[in-house]
Each structure stands twice: as C-alpha cells, then as structure tokens.
Amino acid sequence: MSASTKSKKTTGALPEIGRETRLELYRLQLELRYCEKRAYDLFLQNLIKGTSHLSLGQEAIAAAFGVAMRPDDYTFCTYRGHAHTLARGASMEGVLGELMGRQCGLLGGKGGSMHLTDVAKGVMGSYAIIGAHLPIAAGAAWSAQYRGTKQVAVCFFGDGTTNIGAFHEALNFSVVWKLPVVFVCENNLYMEYTPISAVTAVANPASDRASAYGLPSINVDGNDADEMYLTAMAAIEKARDGGGPSLIEARTYRHSGHSRADPGKYRPEGELEKWLKLDPVVTYRERLLKFGFNDPTLKDVENEVHRKVDAATATAKASALPLIADIEKNVWADGSAAWRN
Amino acid sequence: MSASTKSKKTTGALPEIGRETRLELYRLQLELRYCEKRAYDLFLQNLIKGTSHLSLGQEAIAAAFGVAMRPDDYTFCTYRGHAHTLARGASMEGVLGELMGRQCGLLGGKGGSMHLTDVAKGVMGSYAIIGAHLPIAAGAAWSAQYRGTKQVAVCFFGDGTTNIGAFHEALNFSVVWKLPVVFVCENNLYMEYTPISAVTAVANPASDRASAYGLPSINVDGNDADEMYLTAMAAIEKARDGGGPSLIEARTYRHSGHSRADPGKYRPEGELEKWLKLDPVVTYRERLLKFGFNDPTLKDVENEVHRKVDAATATAKASALPLIADIEKNVWADGSAAWRN
Amino acid sequence: MAELTYRDAVAAAIAQEMKRDESVVFLGEDVAAAGGVFKATVGLLEQFGPKRVRDCPISEQAILGAAMGAAMTGLKPIAEIMFSDFLAVCWDIVANEIAKIRYMTDGQVSMPLVIRTANGAGSRFGAQHSQAVENWAMMIPGLKVVAPAFPADVKGLLAAAIRDPDPVLFFEQKSLYPMKGEVPDGEYVDQLGKAKVLRQGKDVTIVALALMVHRALDAAAILEKEYGISATVVDVRSLVPLDTQTILTEVAKTGRLVTIEENPRLCGWGAEIASIAAEECFWDLDGPIHRITTPHIPLPAADLLEDNTIPSVERIVREIRQQID
Amino acid sequence: MAELTYRDAVAAAIAQEMKRDESVVFLGEDVAAAGGVFKATVGLLEQFGPKRVRDCPISEQAILGAAMGAAMTGLKPIAEIMFSDFLAVCWDIVANEIAKIRYMTDGQVSMPLVIRTANGAGSRFGAQHSQAVENWAMMIPGLKVVAPAFPADVKGLLAAAIRDPDPVLFFEQKSLYPMKGEVPDGEYVDQLGKAKVLRQGKDVTIVALALMVHRALDAAAILEKEYGISATVVDVRSLVPLDTQTILTEVAKTGRLVTIEENPRLCGWGAEIASIAAEECFWDLDGPIHRITTPHIPLPAADLLEDNTIPSVERIVREIRQQID
Ligand SMILES: Cc1ncc(C[n+]2csc(CCOP(=O)(O)OP(=O)(O)O)c2C)c(N)n1
Ligand SMILES: Cc1ncc(C[n+]2csc(CCOP(=O)(O)OP(=O)(O)O)c2C)c(N)n1
Ligand SMILES: [Mg+2]
Ligand SMILES: [Mg+2]
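Protein chains in written order, with the numbering used here: chain A, 1 to 341; chain B, 1001 to 1341; chain C, 2001 to 2325; chain D, 3001 to 3325.
Since the hints were derived computationally from the structure, they do not count as laboratory data. Just so it is clear, the structure is predicted and the values come from calculations on it, not from any experiment. Glycine included, C-beta positions come from ideal geometry on N, C-alpha and C. Hints are not guaranteed to be accurate.
[Claimed, not checked] A few chain D residues that face chain B, going by a derived Cβ cut-off under 7 Å, partial list only:
| # | residue |
| --- | --- |
| 1 | 3030 |
| 2 | 3057 |
| 3 | 3058 |
| 4 | 3124 |
| 5 | 3125 |
| 6 | 3126 |
| 7 | 3128 |
| 8 | 3295 |
| 9 | 3301 |
| 10 | 3305 |
| 11 | 3308 |
| 12 | 3309 |
Isolated chain A, as found in the complex:
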C-alpha cells in the first residue's frame, strides 16, 4: 500500500489543463449524465426493454478518457458502457436507438444496451461477460504495436472484474509483451449487490495487485475529472511511447442500482447521500466557477446538451423497428447466416 501514495506524483510533471479542455470535460460529463438520465426516463416509459446498466455518478472517468484519447485509439467497454461509447463521439441517437431496439441503433437492435460498439469511432465493443474484454483489448494493443500505428487501447471495467481469471491473464500478458494498453478499473465499491470488500483479498482490488505484474500502483479519485484527465494523459502517453501498460484504479460510485432491476437496497444508510455530495458533475461545475468560468457560459453548455439529448431522443423514437428479415444477416463476412450449402 505504500506504493499507492506515490501514485499522484505521476501526474505531477504534466502540463496544466487548459480552459478549453476544462470546458470540454464539463460538456462531455453533461452529455453522459443527461443521456443516461434520459435512458432511465425511457425505461419508465417502457420504451427500453431488456436490461440496462447506467454510469450515473461515474461520468468523470469516461469523459476524461474521451478527451484524452486520440481519435484512432481503441476503447473497450463493459455492459456498463453507454458513457464510454458516447465519450468517444458515437452518435447519441445511435446509442438511444440501440437501447430502444430501433433501426437507427448502433447495432440495428442486434446487440442491445450491453454491446454498444462503434468501430468508426474506435469503440471496439461492449462486453457483457466479466473479464473477457481485457485480453481482447490487449490484442488490439498488440495489433497497434505490430502495425506501428502508435494507437493505444483503453479498457474499462469494474472492481468486481479484478477477481476473475481473465483479468490476471490479460495483465501479465500485456506487461510481458509491453503492449500499449491502459486498464482502467472503476471501483464503485460493489460487484452487483455484494460489496467488493466482502469478496476481495486486498483493499484496493486493482492497485494493490499492480505489483503482481511489475506495475506501479495508481489510485485516483474517479469523481474528479481533472485528476482523471491528467492520469489518463500520463498513462496514454506512456503507452504511446512504448512504455507498456498501466493499471489505474479510479474510485467512484454509481448513483443508481446495478441494473434496471436493482433498487440498491444493500447500501448502508447514508452511503448514497455521502457520494451524492461528491457528484462529479456538480463538483466540477463548482470548480469551473471558482476557476473563473461564468454561470451563463456553463448554462449555455447545459442547454446545448439538453437540446442534443432531446434531438437524439426524438430521432430514436421516430426510427423504425428493425426488419425481421435482417435477423439472419451478418453472422458471416458475406452477410449471411448459412451453415450449409
């Protein structure tokens, strides 16, 4: 644990964050926040079927990486991936349309909320089976290394994911091959309903294990977009420069339940309230005001994002349902699903 106190130093040498970047960090956090809230509303209207896992409260992490990454970098997300997908510039109607099972959805309704993907924007998929995407992200990083493109792969996952085998294999593999991949553990204190502390041998499920892969321990406040941004920049830079992988543990909290079905009753009293005070979007706004941004500027941004979400919602609602005839399309590269001649 002594190593973890050192972690903040890694951000020490980095440049200050410019005003434009700060505003972009705010704007992006708002986009994720408002869009997730809209997704929640659409549920209540029964316009979204199936399940859904919101990132409410965790937006600073996705936003910081969204701003820090190069357009051709790769993102790998989990089922809780709406925010990370949007943060790379995927179309909002594409996201909402997919949740609603419409033709305009990123996956035409085939993937659903847990599998958002937008290859054109570098979003290489959302994976719903815990741990699988860590080695896959390593593979994309390997490909970038092999092709010499200086692309970086960023892979997001939760605290609970650190206890599955694929985590271990991916970390060791990536370090041995010195791959340009950044592993980002969003520690929101819970797996589904079980506190991570009840099922994990160490206090910090990711950073206390970094040394097992010869990596420095990095702990960061996942609700602080600035700190996240600087940490992201450092890790991405390191990867791009051939310095190999990083493992970042960002502490945060999800405001809603694990998924649509979860009222979150397992939370001790007062826990949610405490974390609501640390709401990344609210606290970032306060910081911007302190840093000399004026209220009308921020209101403009807020209104702009509201309009964007409304427009995306309208487009998605207006979009047609997928065609039943398309069900048996795109199993194979030739577009078909034929397993026989």
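Knowing the structure of chain A, use the given hints to seat chains B, C and D with the ligands on it.
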C-alpha cells in the same frame, strides 16, 4: 521484493528437525528418485505407453510435505504427480501399474500417468489441465473447514501455472474464505520448453504475487529438504490453526525433459550441470553424513528402497491387463455408463 | 398443493434439502444476502446462515472448483452460475474436471453436486445472456442434465438432483421464473430420467423441453382446434439420463416426430433424439423427422428480433402443418 | 507433388500464408522457439522472426483474447491451443466472444482468425488430453469448423482457413501427425465447405471425419472384399459450412447412412447429419440410420482400453454388416 527476504524468518521459530524425521526425509526422497528412474527405464523398455512427466530433481518438495502432512490431509497434484502421490504413501505398484496400464494400477488403467489418485491416502487426484486443481484444492479445504476436521489441503503446481486465470481466482477465493490450503509453486524455471522468465511479468512468479492476495511472500530452496520441511510445517500449522492459506514458491529444477517426448534442448549450456550439483538427494546424503549419520545406515536405507522399487516393478509387470468389459464402468455412482433407459 | 412460482420452487427445493441434510451447502454470486439476481434464493441465508449459504467473488472457476473439491470430500454443494452463458468461463471445471473425475479415478471419487443456472431467452438480454446451452452439457460424458418446465418439476427434480450422487446441471429457463403452478406440499422428490407425456395425440409426437414445452402445448391446442391435427406432447425434462423408452414409444404410436429446441440448430439435443428415432424406430416412422430450433445464429437483443428468433407458437403450428399435410 | 507429413503440412500452410500476407501472425504456447509440442510449427520462428511468431504464457484466455483483438483491428492471427481439450479454459473467448461479435455488432467487426488445435485420441494421454471436441465447436453459431484427414487437406484447408474472413476452428487429429501423403507443390489453397467422396459404393454411405476417414476406408475395403458390401465413403472435411448437398446426394444413392464419429455419442456431429438425412432424404432411405461413435464416456488412458473405446475398423465392419444384413 523486500517482503521476500523476510520469508525465512517464518521458519525461525520452529523446532529443530529430529534425527528420525531426517532419515525419513532421506528415505522418502530416495523412494521418489528410484521410482521415477524406474519409470524412465520402463519407458525405454516400451512397457509404459503414453506420456509421463518425471519429478527427477524436484523430490525434496514432495518428500518434505509427505513427512509434514497428517494422514488425513489432502494432496492435489499435477500430471507431474508421481512423486507427490508416492510421498503420501500410495502403493508403488499402484503407481507403476498405472503407468504401465495394468489392473493393479491405482486407476485400473483408466487414468494413466497424469491422473494418479489414491483417496484412501488423501491423494485427491492429479490434474492435467493447468490451473484447475487450485480451486478444487480450495474446495477440499472449504469442506474441511465446514466439517471442522482440521484437515489441510496442499496443492502443488509449477511456475507456468501462475499465469493462468484459475491461479488468480483460487488464491483470492481462498484468502477471502480463510481456507486451510497451502499452495506450493515448484518453480523449475520452465513451463514446457519456454523459460518462465520469458512469459512472466515478475521475477518470482508466485512469491512476487503473494501480496496481491494479502499474503506474505515465501521463497524457499526447493532442493533443500530441511528448509522445505520447516516451511511446510509452518504453512500447514497456520492453515490447521485457522490462519488461512499460504503461497510458497520453492525454487528447483527438473533433471529430465518436460515429458517423455522432450530431450530438453532449450536449456542453456551448463545449466543442467549446475543444478545436478545441487541434486537434492545427493546433497541431503552429504548433510546427513555431516550430521553424524553413518554410511552403512544410509546404505541400508538405499538398499531397502531399491528392493521396494524392484518388488513393485515385479508386481506391476505381473499384473494383468485391464478388462475391456470394464471400459464402460464407473462413469456414474451406480457403476454404470448408462445415459438412457 | 400450494401455488408457487417457478422461482420460489427453486428456493423451496433447496430449503427442503438443506433442512434434511447438513452436508448440503449453497454458493454463488449475489445469491446469499441479495437472494440471487433472479430472486430465486431469497430467504436461504436467513434460514440457514452464512456458513451454508455463501456469496462469492466473480470467480466462476473458483466457485465450481470449490464446489467440486467440497463434493469429493463429503459435502453436497449446490453452485449457482448466474447465467448459463457464463458456463463458458468455467467450462474446464465442468467438462474436464467435474464430469470426468469419477471415471478417471475408476470410481474412487464421488461428485454429488448440482450446478444451477438461468438458461434461455425471452428477456432481451442479447447474445451473451440469453443462450439455451443445455446441449453444451448433454455433449459431455459424466454430466446429468435436467431442464424443468413447471414449478412442480423445479421442486421435485431439483430435490432429486441434490440427492443424486452424480453431478447434475440444472437449467432453469429464466423467462419462466414468474410462472405459477401447483407444487406438492411437504417433502417432494421426483426422479431423474423420466420424460412426461403431457398430452396424447394421434398424428404427431412433439418432443420439447423447458420453455418450449409451453409453446408445444399451445401449438398442440391450436393444431387440434383449428386444423384437426392431434399431437402428443412429451416433456423430456431430463436430457441425461434420457428417457428414450417414453420417447420411442410415443413416436412409434404417432409415426411422426417433431422436436422443438430452444438451442441453436447444430448439434442440439433434438439432433440426438432424431438420430435415435431414425435408428431405433425407423420402421415406425410415417414421414420425415422434423426439428424446429432457434436458427444457428447468436441471439439478437431487441424484443421484436428475439421474439422472431426462438421458436414461436405460430412457427410451430405452421411447420407442423407443413409436415403433416 | 511432394510427400509431406500431416505435421509438416501445417507448417507449410502457415509459411505459405505468412509469406504472402504480412498481417498473418502466429501465437501459442511453446510454438516458436520449440516449434510446438507436436513439432508442427518447426522453422516458422526462424523464417518469420519473433515479431510474427510468438511464444505465450500459459494463458489461453489471453492468447485467444489477444488473437481476437488483433483480428478486429487488421491482423489475421493464427492461434494454437495445444490440445483441443484446453479449449475449455478459454471457451468464453471462443463461444461467446469470437463467434458472436460480428453478429452482435451487426457486421461492424470482422474476425479473420484461425484457432489450430490438436484433437482426438490415440496417444494414450487419458481423458483430459485425448478428446475429440469438434462437436463443441460445431454447436456454436458463428464458428467455422474444419478437420482434415490427409496432409494435402491440412495444407489446402488451413490456407483457406487463414484467408477466410471468419473465425475457423481447425482440428488436427494428433495421431495423424506422422502420416505421410502427397501434397501439391507451390501455392495451394483449397475451399472450405466441400466434402469429398473418397470411394463410391452401392450399399451404404459412410460419412466420416479426420482419423475416422481412414478407418472408414479400411472398413470399406474389408466390407467389399470379405462381405461383398460396397460402401461409399464421404470425408466431411468441414463441419461448418457443411456440404449437405454432397452428403444427401450420396445417401440418396445408396439408401443407407452410417456416420463414424470420434466424438462421444451425445450431440455429436453425426447426430446433426443423421437428423438432416432423416428429414431431407427420408424417402430415399432403405433402412435405419446408424451412428458409430465413441461411447458416451470419458476416454480411458491405457492403450488396450483406448483402442477399444474409439471406433475401430473391426467395429465399423461388424456394425455395418449388422445394419446391412
Ligand atoms: C463471468 C461473469 N460472471 C458474472 C456476471 C454477472 N455480472 C454482471 S455485472 C456483475 C458485477 C460486476 O461488477 P464490477 O466489475 O464491479 O462492475 P460494475 O457493474 O460495478 O460496473 C456481475 C457479477 C457476468 N456478466 N459475467
Ligand atoms: C490449460 C493448459 N494449457 C497448457 C497445457 C500444456 N502444458 C502441460 S504442462 C505445461 C507446462 C507447465 O509448466 P509448470 O506449471 O511450470 O509445471 P512443470 O511442468 O514445470 O512442472 C503446459 C503448458 C495444459 N496442460 N493445460
Ligand atoms: Mg463495481
Ligand atoms: Mg515449471
């Protein structure tokens, strides 16, 4: 790595090793050595078909645990498990008979060299798929804990095994449940033909990862039966007393190839010679002489073990081939293989 | 007889067996304090305490490995794998370890354990949370495989699975969890390996499993009423051991066999049954054997797409009419 | 035409494809410096260097995960899983990720990769190193599945698999590695999804795969010579895509179908083919469809037991005689 230097202290508080125990450690190492050599000879005579993975050079580890364990403790081995099976008192003709595919074999020829098992002696199986037996050993430890029997499970595996997911899951799980299980990594420097250093992010594949599970780092000379014995006693005691799991890394070397098929050409020049000088059986004999055992006593032991191996060989050779009619037996508890009525 | 949901029948069976046998323990992810993500095990922690009902990390290999190690040393574990799709992350423990150890050790090791898992489609969860994978399990020698369609069978067959000395994979169809049905009161234990004839007909024998049993019954009713086609419906219930006697007898009576599988087409359990019928009651067949399966594709997520992918009542009616006409 | 072993044909195909396409890379355990535990990839490291031919830790999930991530970003990886039994430790990556991602993303992601693996019995390695698991792969929508019986097919079909834009599981029968056969010189690429009629007969159509093709041919020769039974032998070669045309045509001609599978009985690929024949050429059948498979048990290790477990030439002869008589 600083923690690893501390490891030897754990053995400091332990009682001296008695003369009888020392002789038993010698005897047992000889048994494993001579029996493995015999297995090799039987190969050359084409009496053993299939593959086989010898523990030549690594005997001190299995022998030390064999002496340190209580009769009702559980052993879990790998395909390289002849030594660990014999060290618990499994019959030698049962082992050789199994390698030769005879009726007297521990498994009647069904399991073969990679699956030696003798439940009556606490040998709960040899597992040929890397990593699987670590969580299974944890389960046996859980059962002992649940039943309150104070039994301990000991699980042997190689350096290469530390890079597979099941290793990680088993370690975390065992610590969280505080299970009476001792994980013993025999680091013989190679997976099959690839040096472990070429594929592992840390120098000590097991002990450098202990901290990832909140465990102390334990490094021990796997070719020193005394040191191994004291380390084993300490870890077993801790487990039996409710202190939870240990992870031990024992450094050693295999004198022969990975398996029957392997001439071991990937070894750098001089490496084998260096390790042959550290042969655990030879060096232990020298130590015993220094400690005042006389040569005739040791010769007696050696002759006795030779006789035992010869007798076991003869019995196994004389044993009938398994019955073809038994092929479809023992899939189910009722003895049958019926999948339909 | 009380009315219970399919979901509550799970907890009822586990509680019944835990009460009578202290060696029965239960472990899984979010199963204890939270009562399971499908709420199928609510109340067990309260009733049997944290020593016997245990929450686990997201470590499926460790969960099933622990269950296996416990089963071979005197306990009778029930392990939950939350969604059957996740069997893939611990498939080695299931297919190579649990299934084989008794045979490999020539009978030295016993493996009395149950793996319960939520199987199948209908919840719009997409391709990684909706698969029907009962054929994965059927394929592996050494596993028994059960998939109930009714709350009473959930209770009776789960209890039987827990008492069985061999490893049983117990597939609960997740969209059936809210379904209600009569369940015998008091201790209730059924028998593995018995199919049930739910309806007797003359023209065709429909063999189905789990969710598909309900669709088969609905289709049979429509076929009868609207098209005068009279169908036998057999609920397989247990794929291993397989009640070939009942199936072959019923096929022989009608001369026609149609299987209805939720699993994707290739190497589904229906193929196995078709191959048995094509060999053993070939001369009783009056026409081709027909399999109705989910097409051989990953499952799409959107409700409209999902509903048009797994076999529907309309499709069953349509295809059986085509077969018979 | 040169004579090559089945083993050397593997390296020849990989070398051929690596030479023409720089995006082809190869990874696995002990495959580079050591040339593979079956020596099937000797020389590739020397020829193509350590950037393209890579040794890996014992981390099958990482190996296939890395292959998948590389395949979706422009490379064409060939990954080796040393023994097909080990597919179980990375089954999630195979069955849930590699197989499904193109469909789930509605075609956004491509998955041009090959997983090569040593499959099947005959080496006395026991139940965890001898399984024939081609049916595991066939069962999963989104995977192509190939299993060659001859050195020429190893070269031609492996080259085709590498060029194929979809994921291919390539099963090499490990006891065939030393087998020699004529292999076309120079660039040689075959086509996936084509069965081959190796022998034309009148009385029965035998459909076989990999090692079983050789036993089928031997059995056919004996049946002809000693019993006057004339058999067609079809080498399936590719389970997905499946050449149902060739199979059904040949079955229709003889009116009899016998499948010979190395995989254990339940839900083997033969069941699928039997079910297709029982539906689509039912009226051409002159008698029951018969499947010869490994019994539904884990494989025993001892030579005598192993030899009497997987289908032998004698058993094939005996059972076909019983069928035909
Ligand atoms: C292999 C596997 N096991 C279990 C699950 C069910 N599951 C879905 S999300 C989840 C909790 C994940 O926790 P964490 O990694 O902390 O991510 P979070 O949901 O908190 O973002 C679980 C257990 C799964 N999807 N895959
Ligand atoms: C999952 C899995 N992958 C690969 C193998 C093939 N294999 C057998 S032994 C071995 C090397 C194991 O190395 P280590 O753990 O160091 O044990 P050692 O053989 O040195 O005792 C490998 C790769 C296997 N049996 N299981
Ligand atoms: Mg979490
Ligand atoms: Mg080793």
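Proposed interface contact between residue 3301 of chain D and chain B, which counts if any beta carbon pair is under 7 Å: Cβ of residue 3301 of chain D sits 3 Å from chain B, so the hint holds.
Interface hint compliance - residue 3295 of chain D to chain B, C-beta minimum distance less than 7 Å: With a closest approach of 6 Å, the residue 3295 of chain D hint holds.
Interface restraint verdict for residue 3305 of chain D against chain B (beta-carbon cut-off 7 Å): holds (6 Å)
Interface restraint verdict for residue 3128 of chain D against chain B (beta-carbon cut-off 7 Å): holds (4 Å)
Interface hint status, residue 3308 of chain D versus chain B (Cβ within 7 Å): This hint holds: residue 3308 of chain D lies near chain B, its Cβ roughly 5 Å from the closest one there, short of 7 Å.
Hint status (Cβ of residue 3057 of chain D to nearest Cβ of chain B, threshold 7 Å): For residue 3057 of chain D, the interface hint holds, since the closest Cβ of chain B sits about 4 Å away, which is under 7 Å.
Given hint residue 3126 of chain D near chain B, where the shortest CB pair must fall under 7 Å: With a minimum Cβ separation of about 4 Å from chain B (threshold 7 Å), the hint on residue 3126 of chain D holds.
Minimum beta-carbon distance criterion (7 Å), residue 3124 of chain D to chain B: holds (3 Å)
Per-residue hint verdict: residue 3058 of chain D, partner chain B, C-beta under 7 Å: This interface hint holds because 5 Å falls under the 7 Å limit.
Interface hint for residue 3030 of chain D, Cβ within 7 Å of any Cβ on chain B: holds (5 Å)
Hint check: 7 Å Cβ-Cβ cutoff, residue 3125 of chain D to chain B: holds (6 Å)
Hint status (Cβ of residue 3309 of chain D to nearest Cβ of chain B, threshold 7 Å): At about 6 Å, which falls below the 7 Å cut-off, the nearest Cβ of chain B leaves the hint on residue 3309 of chain D intact, so it holds.
Taken one by one, the earlier hints all hold for this structure without exception.
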